[in-house]
Amino acid sequence: MAATTTPPDAEGLPPDTPILRFDRTERVAHWVNACLFGVVMFTGSILYIGELSVLFGNREVVRTLHVYCGLAIPVVFLVAYLPRWGRALRRDFRRINRWTRDDKRWFRTLGRDKRLRLGKFNAGQKLNAAFIVGAALVMVGTGSIMKWFEPFPIDVRTGATFVHDWFAFFIWAAVLGHIWFAFSDPEALRAMWRGSVSARWARSKRPGWYEETTEGAQDPTA
Amino acid sequence: MDGTPIGRRVFLGVLGVGAVGVLWGAKAQDWLEKTVAPIVSKDGTGLSGFLPIGRFRIYTVTGDLPSKSKAAYRLKVGGLVDTPYTLTYDELRALPPTKMTRDFQCVTGWRVHDVDWEGVRLADLLDRAGVKPEAKAIRFKSFDGTYTESLTLSQGRRNDVIVAYRMENGDISAEHGGPVRLYVAPMYGYKSCKWLDAIELTDTVEPGYWEHYGYDVDGWVGRSNGRDDNAT
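Protein chains in written order, with this note's numbering: chain Z, 1 to 222; chain F, 1001 to 1232.
Honestly, I wouldn't trust all of these hints.
Said to hold, decoys possible - Which bits of chain Z does chain F cover? Going by a derived footprint, with three or more residues having C-beta under 8 Å, they are:
| no. | segment |
| --- | --- |
| 1 | 110-117 |
| 2 | 139-146 |
| 3 | 154-165 |
It should be emphasised that the hints constitute simulated quantities derived from the structure, not laboratory data.
All of these numbers come straight from a predicted model, not from anything done at the bench.
By construction, the Cβ of each residue, glycine as well, lies at the ideal position given by its N, Cα and C atoms.
Chain Z extracted, bound-state conformation:
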């Protein structure tokens, strides 16, 4: 613990200085896709659980919502990722891809080793992001086979349903875990609304990222 709690005035920025964590593109893309995930997970449950099907009826409406909100998820992602406004998002994806030695150690000790110097994201966040991007594509692929089944042999239709069902369970687990961790760190959650965290938070929770973003900015005359 001692190593990370440097006195706030010893070096760097005043503790309340806001540091941009997520730019507008990332925040908009996050909340649009959060809504879409909410819709597909809810409508998926209605389609999957017989009791809910009976309760809500309107199966065609539910199914249509499920299919097209699901298809919209990668579209929203690409629109946020590819154009010029996706620079920060692309940069974060490079961060998510690369695991440093500290990340691996953090993962092995499940975050208990407090001497580690984390970058912008911890290994759990990196794993979650990589998983959810892959899983979303798998859901779009298998869901499309289920929706437009005619050219596919029966075994492939069955396989697609099998994968879609089981992945749904893992995605529910990942999303619920994601929400749980977000609420257990309100300042991090606020950063997804307003964009920034305090220098205090950055210095204590993500020291590697703090250094990287404040380099050169520490000198008020610079």
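Starting from the known structure of chain Z, fit chain F onto it as the hints suggest.
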């Protein structure tokens, strides 16, 4: 940026698992239904009922979940018969019942073990109408307005083909095809027409809804659709 590209490996790994699952999922599903489902079905908490093993999936081919009250329900028997007739729900329930406990096997791999069924033998309903000699097949229509199924006359006369109104110790609910559905025990689930509306005797077998999309007309469990399931 330094470090190992583990993110990319996880991403590609997830895609790989998905692709392998699509190709081998049908076999994995069969294996789960044979080995895990009988154990899971004894779990008293009911939580495992949400897992995609050993449970009914609800399929509809139309926009809505078809539903009809017992009071409004009518079963029509007609086509190549001497005396076409219509039964109310209560009249159907008044006929001599047949009970059986048999598995429900879907052609997409899932199976529900030991389902209790109760209904009236289809053969009894046919005899009531008097089947004309030129009739060779039976056509079933669903009140969803779209689904159809067919059996040959000899298949339909089997003792394990019933017009069912109860399953799993309750009246058949809308999602399972209630108030009245067909249950063809020895065949895959798509033969067991849900929301049964009309039974018509015909001179040839007319392929049903799914049979236009590649399913076998003679849907014997374990002996059709390229599958080797144990008989139900």
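* **Hint numbers not upheld by this structure, sorted from lowest to highest** => The structure conflicts with hint 1 only, although it agrees with all the remaining ones.
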